[in-house]
Amino acid sequence: MTATRLAPSRRLWRFCIGATLAGFVGVIGSYVAGCSRGISHHGWHRGHGLHDVSSPEEARERAQSAAKWMLRKFDATDDQKQRIQTIVDESVQQLYPLREKHHLHHAQLLDAVSQDSIDRAEIERLRKAEIAIADAASDWMVDAALDMFEVLTPEQRAEMVQHMRQRHL
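Each residue of the sequence shown is one higher than the one before, starting from 879 at the first, in our numbering.
Hints were generated in silico from the structure; no laboratory data involved.
Just so we're clear, the structure is a prediction, and the values are computed from it rather than from any experiment.
Even for Gly, the Cβ is constructed at its ideal location relative to N, Cα and C.
Be aware that a few hints might be false.
[Claimed, not checked] Derived Cβ-Cβ restraints for the label pairs, each shown as a range:
1. GLN972 to ALA1036: 38 to 44 Å
2. SER995 to GLN960: 18 to 24 Å
3. GLU1000 to ASP1025: 46 to 52 Å
[Claimed, not checked] No more than 25 Å apart at the CA atoms, straight line, and that leaves these computed lysine to aspartate or glutamate pairs for DMTMM-like:
4. LYS979 to ASP967
5. LYS951 to GLU968
6. LYS951 to GLU1008
7. LYS946 to GLU1008
8. LYS951 to GLU1000
9. LYS1006 to ASP994
10. LYS979 to GLU1008
11. LYS1006 to ASP1021
12. LYS979 to GLU1033
13. LYS959 to GLU978
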């Protein structure tokens, strides 16, 4: 039996199609898996993030606890602690509704891809809505981080930056 060899251009075409499909499956799989876990890199430390909270109050408590833990390392004054807690509370108040929208979009995405026919326009709408959520969250988080850094002294900021470098944050 003789094996037929495909022309180089046809082999390349098949390879590209296979690689594209594998990449697509990987990206979608990662997205779906990440959405169900809040897109977290914490691995076994699942309980330490904000992705598994069930209410805004629980999110605020967890964020306040994390801020207190971090501020202990940098000898923050009571005034600094209070000002940063206010920033944390405002952040949770602004970000928690985005989390709920993200969960709604995730459910809508799963519903859309489980239909008999794929509605590409709906999936594109969801993608754009998720980009808008990520942009809004990023915008708020940068402002909040800068507000917190302004509360700290230059020495405390330098100490925090050193800590962040050591922890690869």
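* To do: Output the numbers, in ascending order, of every earlier hint that fails for this structure.
  => 1, 2, 3, 6, 7, 8, 12 and 13
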